[in-house]
Amino acid sequence: MLTAESKVMKDILGEKVEKVVESTRVVDSPCCLVTNEYGWSANMERIMKTQTLRDASSFSYIQSKKTMEIYQDHAIIAELRKKRGNAADAT
1 MLTAESKVMK DILGEKVEKV VESTRVVDSP CCLVTNEYGW SANMERIMKT
51 QTLRDASSFS YIQSKKTMEI YQDHAIIAEL RKKRGNAADA T
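Mapping of the sequence shown onto full-length UniProt numbering: position 55 corresponds to residue 55, and the numbering continues sequentially without gaps.
Just to be clear, a hint being listed does not mean it is correct.
Stated by the list, open to error - 30 Å max Cα-Cα, derived DSS-like pairs, lysine-lysine:
#1 83 <-> 19
#2 49 <-> 65
#3 66 <-> 10
#4 19 <-> 66
#5 82 <-> 19
#6 65 <-> 19
#7 49 <-> 19
#8 16 <-> 49
#9 82 <-> 7
#10 66 <-> 7
#11 83 <-> 65
#12 83 <-> 16
#13 66 <-> 83
#14 10 <-> 65
#15 82 <-> 65
#16 83 <-> 10
#17 82 <-> 10
#18 19 <-> 7
#19 10 <-> 49
#20 49 <-> 66
#21 66 <-> 82
#22 16 <-> 66
#23 7 <-> 65
#24 7 <-> 83
Since the hints were made in silico from the structure, they are not lab data.
These figures come from a predicted structure and were not determined experimentally.
Work out the full structure: start from the sequences and follow the hints.
Quick look at the structure:
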């Protein structure tokens, strides 16, 4: 289920993330970026980018789209929700 905050964040981030979803596994942070189950980890992507003999055209398949997971009950997300509501009321 996409919430209004998820839709707004996806619109802002555009092609930088594959999707924005609600999550309850992250409770200490407002959000996190996760890699697809079958994709390379962020550390493996970093290692492959720094290889000296890598082909410049191979970078497109190395870089995978990330999923942004947001925790709706975090104070920062709640404040963003409140500010977005105030901005919508002002227009």
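Hints and how they fare:
no.: 1; hint: 83 <-> 19; result: holds, 22 Å
no.: 2; hint: 49 <-> 65; result: holds, 15 Å
no.: 3; hint: 66 <-> 10; result: holds, 12 Å
no.: 4; hint: 19 <-> 66; result: holds, 7 Å
no.: 5; hint: 82 <-> 19; result: holds, 22 Å
no.: 6; hint: 65 <-> 19; result: holds, 9 Å
no.: 7; hint: 49 <-> 19; result: holds, 24 Å
no.: 8; hint: 16 <-> 49; result: holds, 18 Å
no.: 9; hint: 82 <-> 7; result: holds, 15 Å
no.: 10; hint: 66 <-> 7; result: holds, 16 Å
no.: 11; hint: 83 <-> 65; result: holds, 28 Å
no.: 12; hint: 83 <-> 16; result: holds, 23 Å
no.: 13; hint: 66 <-> 83; result: holds, 26 Å
no.: 14; hint: 10 <-> 65; result: holds, 13 Å
no.: 15; hint: 82 <-> 65; result: holds, 29 Å
no.: 16; hint: 83 <-> 10; result: holds, 17 Å
no.: 17; hint: 82 <-> 10; result: holds, 18 Å
no.: 18; hint: 19 <-> 7; result: holds, 9 Å
no.: 19; hint: 10 <-> 49; result: holds, 26 Å
no.: 20; hint: 49 <-> 66; result: holds, 17 Å
no.: 21; hint: 66 <-> 82; result: holds, 26 Å
no.: 22; hint: 16 <-> 66; result: holds, 8 Å
no.: 23; hint: 7 <-> 65; result: holds, 17 Å
no.: 24; hint: 7 <-> 83; result: holds, 15 Å
Of the numbered hints listed earlier, not one is contradicted by the structure.
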